[in-house]
Amino acid sequence: MNLHHSADPRLWNFSAELRTLGLGGGPMTRREAIRLGLLGTAGLALSGSLASRALGAPVASAPATPRAPKARSVIQIWLWGGPCHLDTFDPKPGAGYDYYGALKDPIATNVAGIQIGELLPLLAKQADKYSLIRSMSHGINAHETASYTVQTGRPSGTRDVFPGTGAVVSLFKGYDAGYKGLLPPYIVLTELQGRFSEAGFLGGRYKPFATGGDPGQNRFVVEGVVAQGITDERQRARREFLHQLNTFERAMQSGDPRLAALAQCETDAYEMILGDAGKVFDLSQEKDAVRDNYGRNTFGQSCLMARRLVERGVPYITINYKGWDTHKQHFPIMRQKLPQLDRGLAALLVDLSERGLLDSTVVWAGGEFGRTPKVLWESPWNGGRGHWGKAFSTFVAGGGFKGGHVVGKTDAHGEEVVDRPVHPSELIGHIYELLGIDGDAKLPHPEGRDVRALPTLAEGAKRAGALADIT
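Each residue of the sequence shown is one higher than the last, beginning at 3 in our numbering.
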């Protein structure tokens with residue numbers, strides 16, 4: 003990506019500043035910026051977190067929070083593609099083979115009366131730590147529009163592209179609100195969805211830092227922070243060589259605020275690459291037993307990575323766990339995916355709890371919709387499940403959410419919500435409340451329009467405390 007074509011003009015302005023200092027002849031690419039060490043990591047440059055702070059970029063004002071927050075961080079586990087509610091958190095053993103297919107034996111949890119899918123035995127032992135919303139509904143069956151609605155709480159197709167939950171949390175809990183960490187306030191493990199704009203009209207400053215890489219590998223190669231095959235000693239040598247080449251700065255009089263800003267940005271960038279801040283991504287610091295407990299796979303190690311980021315105070319972390327769009331070969335895929343989900347998520351709950359972090363960390367797991375309760379046995383699907391936005395399940399724990407409860411109910415086949423339907427905007431509203439974010443807070447709109455963090459009643463929103471009994 004060329005910074006010249008970025009949606010955020012501050013990035014191009016920063017690139018222009020570098021050119022005026024003799025550090026580039028044309029539009030800077032992200033890779034060039036990383037090599038110079040002046041923009042920090044590529045992801046940090048895109049989010050504007052280092053550059054915009056250093057150059058004094060305008061920031062949005064965050065209104066006072068409505069109450070003392072119960073939660074400090076959110077870990078959102080995005081089951082990308084849409085998991086089937088019948089196979090996970092809303093089993094229907096009496097529905098018949100055409101509905102439960104190869105997964106017919108749900109298991110009891112450690113909370114009386116709550117059953118979950120048979121491939122989730124570790125989570126079954128932790129049901130007292132989480133609640134299940136079995137009545138999520140929006141009626142949308144397309145990935146892009148369903149993802150947008152679940153992440154923003156808004157319908158698609160309006161004149162505005164609204165920010166997702168993580169971007170709103172970044173606005174009210176990030177740098178504008180006094181967040182001091184070098185780590186970005188909104189981090190995605192490991193790649194963006196590409197199905198919608200996470201930051202919407204808030205712009206590049208609130209776009210998440212996507213790590214890239216794979217935490218399940220021997221070395222987690224985080225984009226712009228960890229370079230494959232380059233030692234710390236070589237990085238230090240590169241920095242020293244850069245300083246030797248930068249004769250222009252040495253010739254300038256000291257005290258120039260632009261040069262001071264660039265110097266601070268470079269210092270912050272190398273702190274991420276060589277200092278303690280970047281070491282959060284080094285999973286080799288964890289004991290082998292801990293890593294094994296999470297599961298030696300991308301998802302399990304992403305859960306461990308999320309715990310480490312919460313310990314560093316990062317407000318919002320998303321784990322994009324791909325592979326749930328199972329139109330074909332649904333049940334063989336579930337026999338791989340569900341044990342990974344079970345192990346990683348159960349380990350995360352236990353680890354957060356034992357470290358005293360679960361009470362202050364919301365864990366939110368779910369996808370953009372459910373899947374067709376009735377199995378598609380016919381060709382070409384041959385045992386697959388399609389998209390189903392009428393009814394699906396979401397898992398919530400920690401940060402003020404009570405454990406051991408079930409909210410809502412679907413019919414005997416899991417096809418329709420029959421009790422307490424919950425719209426995504428209602429769930430998001432409760433998460434904001436737990437974080438101390440006012441749903442009526444005004445968002446900075448580029449055209450100055452009056453837009454709130456949550457859709458208003460005038461917009462047809464439902465905000466009547468649908469989840470009050472579990473918060």
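FYI, nobody ran anything at the bench for these hints, they're computed from the structure.
Incorrect hints may appear among the rest.
To be verified - In silico SDA-like pairs for lysine to any residue, Cα to Cα no more than 25 Å straight-line:
#, residue 1, residue 2
1, 392, 448
2, 392, 83
3, 94, 104
4, 182, 313
5, 281, 184
6, 330, 418
7, 411, 444
8, 330, 471
9, 444, 127
10, 281, 358
11, 444, 123
12, 94, 406
13, 404, 356
14, 127, 352
15, 411, 97
16, 94, 313
17, 72, 221
18, 127, 467
19, 106, 414
20, 106, 444
21, 404, 109
22, 324, 467
23, 127, 95
24, 376, 405
25, 392, 184
26, 106, 389
27, 392, 143
28, 324, 101
29, 444, 470
30, 127, 388
31, 411, 82
32, 289, 181
33, 324, 104
34, 444, 421
35, 72, 389
36, 94, 105
37, 411, 462
38, 404, 123
Quick caveat: nothing in here was measured; it's all calculated off a predicted structure.
We went through each hint and held it up to the structure:
Restraint check: the Cα-Cα separation between residue 392 and residue 448 comes to about 34 Å, which exceeds 25 Å; the hinted pair is violated. For the suggested pair residue 392 and residue 83, the alpha carbons sit about 15 Å apart, so the restraint of at most 25 Å is met. Annotation: proposed proximity of residue 94 to residue 104 holds, straight-line Cα distance about 12 Å (limit 25 Å). Taking the CA atoms of residue 182 and residue 313, the gap is about 14 Å. The hint holds against a cut of 25 Å.
A C-alpha spacing of about 12 Å is found between residue 281 and residue 184, which places the hinted pair at or below 25 Å, so the restraint holds. Among the hinted pairs, residue 330 with residue 418 is consistent with the structure: their alpha-carbon atoms are about 23 Å apart, no more than 25 Å. This hinted pair does not check out: residue 411 and residue 444 have alpha carbons roughly 34 Å apart, beyond 25 Å. At most 25 Å may separate the alpha-carbon atoms for a hinted pair to count; residue 330 and residue 471 exceed this at roughly 38 Å.
The suggested pairing of residue 444 with residue 127 is violated, with an alpha-carbon distance near 42 Å, which exceeds 25 Å. The straight-line distance between the Cα atoms of residue 281 and residue 358 is roughly 22 Å, inside the 25 Å bound, and the hint therefore holds. Distance hint between residue 444 and residue 123 is unfulfilled; the C-alpha atoms sit about 43 Å from each other, more than 25 Å. This hinted pair checks out: residue 94 and residue 406 have alpha carbons roughly 19 Å apart, not beyond 25 Å.
A C-alpha spacing of about 17 Å is found between residue 404 and residue 356, which places the hinted pair at or below 25 Å, so the restraint holds. At most 25 Å may separate the alpha-carbon atoms for a hinted pair to count; residue 127 and residue 352 meet this at roughly 10 Å. A C-alpha spacing of about 15 Å is found between residue 411 and residue 97, which places the hinted pair at or below 25 Å, so the restraint holds. For the hint pairing residue 94 with residue 313, the CA-to-CA distance comes to about 38 Å; that exceeds 25 Å, so the pair is violated.
A threshold of 25 Å between alpha carbons decides the hint, and for residue 72 with residue 221 the separation of about 35 Å lies outside it, so the pair is violated. A hinted pair counts as satisfied when its Cα atoms are at most 25 Å apart, and residue 127 with residue 467 does not qualify at roughly 29 Å. At most 25 Å may separate the alpha-carbon atoms for a hinted pair to count; residue 106 and residue 414 meet this at roughly 14 Å. Simply put, residue 106 and residue 444 have alpha-carbon atoms about 48 Å apart, too far for the 25 Å limit, and the pair is violated.
Simply put, residue 404 and residue 109 have alpha-carbon atoms about 21 Å apart, close enough for the 25 Å limit, and the pair holds. Among the hinted pairs, residue 324 with residue 467 is inconsistent with the structure: their alpha-carbon atoms are about 31 Å apart, more than 25 Å. Simply put, residue 127 and residue 95 have alpha-carbon atoms about 20 Å apart, close enough for the 25 Å limit, and the pair holds. Under the criterion of a C-alpha separation no larger than 25 Å, the hint pairing residue 376 with residue 405 is inconsistent with the structure, at around 30 Å.
Simply put, residue 392 and residue 184 have alpha-carbon atoms about 41 Å apart, too far for the 25 Å limit, and the pair is violated. Annotation: proposed proximity of residue 106 to residue 389 holds, straight-line Cα distance about 21 Å (limit 25 Å). Distance restraint check for residue 392 and residue 143: the Cα-Cα separation of roughly 8 Å lies within the 25 Å cut-off, and the hinted pair is therefore satisfied. Restraint check for residue 324 and residue 101: the C-alpha separation of about 23 Å stays at or below 25 Å, so the hint holds.
Taking the CA atoms of residue 444 and residue 470, the gap is about 23 Å. The hint holds against a cut of 25 Å. In summary, the hint linking residue 127 to residue 388 is not supported, as the alpha carbons are separated by about 30 Å, beyond the 25 Å threshold. Of the pairs offered as hints, the one joining residue 411 and residue 82 holds, with about 23 Å between alpha carbons and a cut-off of 25 Å not exceeded. Annotation: proposed proximity of residue 289 to residue 181 is violated, straight-line Cα distance about 29 Å (limit 25 Å).
For the hint linking residue 324 to residue 104, the alpha-carbon distance of about 22 Å falls within 25 Å, and the restraint holds. Restraint check: the Cα-Cα separation between residue 444 and residue 421 comes to about 33 Å, which exceeds 25 Å; the hinted pair is violated. Taking the CA atoms of residue 72 and residue 389, the gap is near 35 Å; set against the 25 Å cutoff, the hint is violated. For the proposed pair residue 94 and residue 105, the alpha carbon gap of about 10 Å is at most 25 Å, so the pair holds.
For the given pair, residue 411 sits about 23 Å from residue 462 by alpha-carbon distance, which is consistent with the 25 Å threshold. Between residue 404 and residue 123 the alpha-carbon distance is near 21 Å, which keeps this suggested pair within the 25 Å criterion.
In summary, the numbered hints that this structure violates are 1, 7, 8, 9, 11, 16, 17, 18, 20, 22, 24, 25, 30, 32, 34 and 35.
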